[in-house]
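Following the working numbering, the numbering of the sequence shown begins with 1 at its first residue and continues without gaps.
Quick caveat, the hints were computed from the structure, so don't treat them as lab data.
Beta carbons are placed, not taken as given, at the ideal position from N, Cα and C, and that holds for glycine.
Please note: incorrect hints may appear among the correct ones.
Listed next, with one range per pair, are the computed distances between beta-carbon atoms [what the hints assert, rightly or not]:
1. D2 with K226: 35 to 43 Å
2. A200 with K164: 33 to 41 Å
3. G148 with D2: 16 to 24 Å
4. T137 with E223: 17 to 25 Å
5. V117 with E191: 41 to 49 Å
6. A227 with T166: 31 to 39 Å
7. D12 with W178: 30 to 38 Å
8. A77 with L196: 13 to 21 Å
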Amino acid sequence: MDARSIFIQSSDGLRLYARLYGDLASPLKPIVCLPGLTRNADDFDTIAEIIVSKTKRPVVAFDYRGRGRSQFARDAAHYTIMVEAVDVRQMLASLGIKRAIFLGTSRGGLITMFLGVTAPELIEAVILNDIGPVLETEGLKRIASYVGKGAMPKTMEEALQRIKDTNPDFTDLDESEWQHLTKMSFRKAEEGYVALTYDAALSRGFLALDFSKPQPTLWPLFEALKAVPMMVIRGETSDLLSEATVGEMVARHPRCSSFTALNEAHAPMLGRAKTAEVIVRFVAAGYSNN
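Make the full structure from the sequences, and use the hints.
As structure tokens, then:
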């Protein structure tokens, strides 16, 4: 499927990237895909194509500042959920998107919850991929241990092995899926060396976290989404989103369902058959288009 690349300028002058699948002229609400901390629009290629082919809804996927094809921030202090939410709103406005179904993986889900407070009119429905209002410290520690850290792999084969070593709880991925995960974090530069697909300065966001105690919860942000349909996807062995938190989310939200991606950790791959099936079923539910 052909996808269209879109660039806009952020309020502070950065060139930001998004990818459009399908036709925004469709009367159906679009799907807005927001990736994880270091990930980018490529993460949604498979599920975006499935959604468009099965539901005819257009899909827009983002590269936040400092990731993928978007420019790096001039100041690492601008790598925040608040700033990135403003970038998302600006991109949606430039595309004429006034309301959408949001599919947020990890940090993308946090941005979605933040938008539920700051711009609730944008949100038609929500899918949260392995994220919720309670972030487990062990998961945060694991992520902090590798983001922007360590010597750069000399080859993409070394990069592949590093991804396998840092994601041992994904127990049944095939080689193409491991290659996909690798390309989310590493790329081969034109000069031949291996580089990150994101700004290593993203690691500075962990400096303010105290891993010796539980992190503050985000239940007020979650509660702001109670008016819209929601589905939460959890990796069976996720160390960031606990089974107990998912249970509490379903109990507190009258229109929240859940799905467990078996043999996957943080964060589940959305293009896998069973996960894609539940996503398609959710977004094909026929929400109001008024």
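Evaluation of the provided hints:
1. D2 with K226: 35 to 43 Å: The hinted range 35 to 43 Å holds for D2 and K226, with Cβ atoms some 38 Å apart.
2. A200 with K164: 33 to 41 Å: violated, 21 Å
3. G148 with D2: 16 to 24 Å: At 34 Å between Cβs, range violated.
4. T137 with E223: 17 to 25 Å: holds, 23 Å
5. V117 with E191: 41 to 49 Å: holds, 44 Å
6. A227 with T166: 31 to 39 Å: holds, 38 Å
7. D12 with W178: 30 to 38 Å: holds, 36 Å
8. A77 with L196: 13 to 21 Å: holds, 19 Å
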